[in-house]
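Here are the chains, one letter per residue:
There are 2 protein chains.
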Amino acid sequence: MNTAIILAGGVGSRMGADRPKQFLMVQDKPIISYCFDIFQNHDEIDKIVVVVNEKWQDFVEEYAKKYGVTKICGYAPAGETRQHSIYNGLKCIDKNAHDTDIVIVHDAARPLVSNQIISDCIKGAKECDGAMPVISVKDTVYQSADGMQIDRLLKRSELFAGQAPESFDFKKYYKIHNEVSDDEIALTAGSSEIAYRHGMKIRMVKGSERNLKITTVEDLETFETILKGVN
Amino acid sequence: MNTAIILAGGVGSRMGADRPKQFLMVQDKPIISYCFDIFQNHDEIDKIVVVVNEKWQDFVEEYAKKYGVTKICGYAPAGETRQHSIYNGLKCIDKNAHDTDIVIVHDAARPLVSNQIISDCIKGAKECDGAMPVISVKDTVYQSADGMQIDRLLKRSELFAGQAPESFDFKKYYKIHNEVSDDEIALTAGSSEIAYRHGMKIRMVKGSERNLKITTVEDLETFETILKGVN
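Chains V and B are the protein sequences, given in the same order.
Residue numbering for the first sequence follows the numbering used here, beginning at 895 and increasing consecutively.
Residue numbering for the second sequence follows the numbering used here, beginning at 895 and increasing consecutively.
A couple of the hints might just be wrong.
When chains are identical, the list treats them as one kind, so a pair holds in a single copy or across two.
[To be verified] Calculated lysine-lysine pairs in the DSBU-like style (CA-CA distance at most 35 Å, straight line): (1) 941 x 965; (2) 965 x 1032; (3) 1066 x 1032; (4) 923 x 1095; (5) 949 x 989; (6) 1049 x 949; (7) 949 x 1032; (8) 985 x 1049; (9) 1049 x 1095; (10) 1049 x 941; (11) 1020 x 1049; (12) 1095 x 959; (13) 959 x 1049; (14) 1122 x 1107; (15) 1032 x 1100; (16) 965 x 949; (17) 1069 x 949; (18) 1020 x 960; (19) 1069 x 1122; (20) 989 x 1122; (21) 1095 x 1032; (22) 1020 x 985; (23) 1032 x 1107; (24) 1095 x 1066.
Honestly, the hints are just simulated from the structure, not real lab data.
All figures in this text were calculated on a predicted structure; none of them were measured in a lab.
With the rest of the complex left out, here is chain V (with noise of 0.2 Å):
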């Protein structure tokens, strides 16, 4: 069984909207319709976990029913960092899992992933412990360790800007933050992070230039002219 944790539990806007992003409208449908109609249609994706703040939870059903989004198997509650909103996703499978179980870990405002990323980064948590999908940086990375002066640059081909989903192994994910402390999630800054320190080795997958997340108005805008290329 492989299920997607949504994670559609942020409540800033760095845009200055009435609502937290994923839930902006774009041609009349909510951000994360577009995540859940790639999730839905994906033969791989079984089942559906979302988490979200419990004063959105009406909204997020209202539109799944309306664009049928028929694997939704739960709701799991934001929890107070993304770390910690995942392993509430997390406790929400736990009652129906298998040894075998995938689970891939999405962010509602990532609408634009493909289907092939999904499946390298199932595949990748089927082969190794976990997968995932990164892309080259193309700045030129600094190191400093007081914030004034340099101390060195870093190699640029040692360095991949991480994108989500990322996918792993659920009993052995599910094991690490059943024993860490809750500091441990809370410092948790990206959810692979926690599993490779903990033993867990994790494939880098080829991600993409448009699996953009949606944090700003220019990215909205993006967002906003490829969908209009696509249609």
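Put chain B on the given structure of chain V with help from the hints.
Showing chain B alone in chain V's frame:
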């Protein structure tokens, strides 16, 4: 004396245009001329050295004359790598250099650098050994030595994306270039790298998202949009 080296030696164009990006015309004016304007009008810049492929020198001279760029004191040939080009520019300055001289290395394809950034770089080079503008890194950056599996997540608070211009104590910076091997120059990936590797202290100053390097068609469109807003 503060001398700017304007790097215009690049020959490629990811944009598939008929010429290197720094010579593309925007509102009937080549991109490099927008860059010249800023350095020409900056009170703390005394001279400009242009590093350019010989076949484009007439073009540059013509437009420098047209837009009244009087600070240009010399032309240096483009080198095999960016750092070789910088070295060629440094040699062009050497003839008249004093102990307190500062060199400011900028890319012709960054026509939106602010006066403030240039001033901060000059101040940094006087108080430290050099300075470079940086902006925060937005990506979640992972490191992988083999390009297959993730080794670690880098601490975002310690990462900085380098921009131009980079400023240096001329004597110290030039001395390094005269002493290291040609291979070391060739392998230099950032112009501050060779400086701090040989003991120069490089201060980070506040860069700007707006100070973009024009490399793609999207960047060019952004530049055009900003220009329209300015005029």
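We went through each hint and held it up to the structure:
For a Cα distance limit of 35 Å, the shortest separation of residue 941 from residue 965 inside one copy, 5 Å, qualifies, whereas the shortest one across copies, 67 Å, does not. Taking identical chains as interchangeable, the C-alpha atoms of residue 965 and residue 1032 lie at most 35 Å apart only when they sit on different chains, with a minimum of 33 Å there against 37 Å within one chain. Taking the closest pair of Cα atoms, residue 1066 and residue 1032 come within 35 Å of each other both inside a single copy (33 Å) and across two copies (29 Å). For the identical chains of this complex, residue 923 and residue 1095 are neighbours neither inside a copy (38 Å) nor across copies (53 Å), given an alpha-carbon limit of 35 Å.
In this homomeric assembly, residue 949 and residue 989 come within 35 Å of each other (Cα to Cα) only inside a single copy, at 24 Å, whereas the closest approach across copies is 71 Å. With identical chains, the CA atoms of residue 1049 and residue 949 are at most 35 Å apart between copies only, with a shortest distance of 33 Å across copies and 45 Å within one. Taking identical chains as interchangeable, the C-alpha atoms of residue 949 and residue 1032 lie at most 35 Å apart only when they sit on different chains, with a minimum of 29 Å there against 39 Å within one chain. When the C-alpha separation of residue 985 and residue 1049 is checked against a cutoff of 35 Å, the pair qualifies only between copies, where the shortest distance is 28 Å, while the shortest distance within a copy is 39 Å.
In this assembly of identical chains, residue 1049 and residue 1095 lie within 35 Å of each other by CA distance both inside one copy and across copies; the values are 22 Å within and 20 Å between. In this homomeric assembly, residue 1049 and residue 941 come within 35 Å of each other (Cα to Cα) only across copies, at 34 Å, whereas the closest approach inside a single copy is 40 Å. In this assembly of identical chains, residue 1020 and residue 1049 lie within 35 Å of each other by CA distance both inside one copy and across copies; the values are 30 Å within and 29 Å between. Proximity of residue 1095 and residue 959 under a CA criterion of 35 Å is satisfied in neither setting, with 37 Å inside one chain copy and 60 Å between copies.
In this homomeric assembly, residue 959 and residue 1049 never come within 35 Å of each other (Cα to Cα): the closest approach is 48 Å inside a single copy and 41 Å across copies. For a Cα distance limit of 35 Å, the shortest separation of residue 1122 from residue 1107 qualifies both inside one copy, at 18 Å, and across copies, at 28 Å. For the homomeric pair residue 1032 and residue 1100, the shortest alpha-carbon distances inside one copy (15 Å) and between copies (19 Å) are both at most 35 Å. Proximity of residue 965 and residue 949 under a CA criterion of 35 Å is satisfied intra-copy only: 21 Å inside one chain copy versus 63 Å between copies.
Taking identical chains as interchangeable, the C-alpha atoms of residue 1069 and residue 949 lie at most 35 Å apart only when both belong to the same chain, with a minimum of 30 Å there against 65 Å between chains. Taking identical chains as interchangeable, the C-alpha atoms of residue 1020 and residue 960 lie at most 35 Å apart only when both belong to the same chain, with a minimum of 33 Å there against 64 Å between chains. When the C-alpha separation of residue 1069 and residue 1122 is checked against a cutoff of 35 Å, the pair qualifies neither within a copy, at 43 Å, nor between copies, at 56 Å. Taking the shortest Cα distances, residue 989 and residue 1122 never come within 35 Å of each other, neither inside one copy (41 Å) nor across copies (58 Å).
In this assembly of identical chains, the alpha carbons of residue 1095 and residue 1032 lie at most 35 Å apart whether taken from the same copy (25 Å) or from different copies (25 Å). Taking identical chains as interchangeable, the C-alpha atoms of residue 1020 and residue 985 lie at most 35 Å apart only when both belong to the same chain, with a minimum of 21 Å there against 58 Å between chains. Taking identical chains as interchangeable, the C-alpha atoms of residue 1032 and residue 1107 lie at most 35 Å apart whether they share a chain (17 Å) or sit on different chains (11 Å). In the homo-oligomer, the alpha carbons of residue 1095 and residue 1066 lie at most 35 Å apart inside one protomer (11 Å), although the nearest pairing across protomers, at 46 Å, exceeds that limit.
The structure does not agree with the numbered hints 4, 12, 13, 19 and 20 stated previously, though it agrees with the rest.
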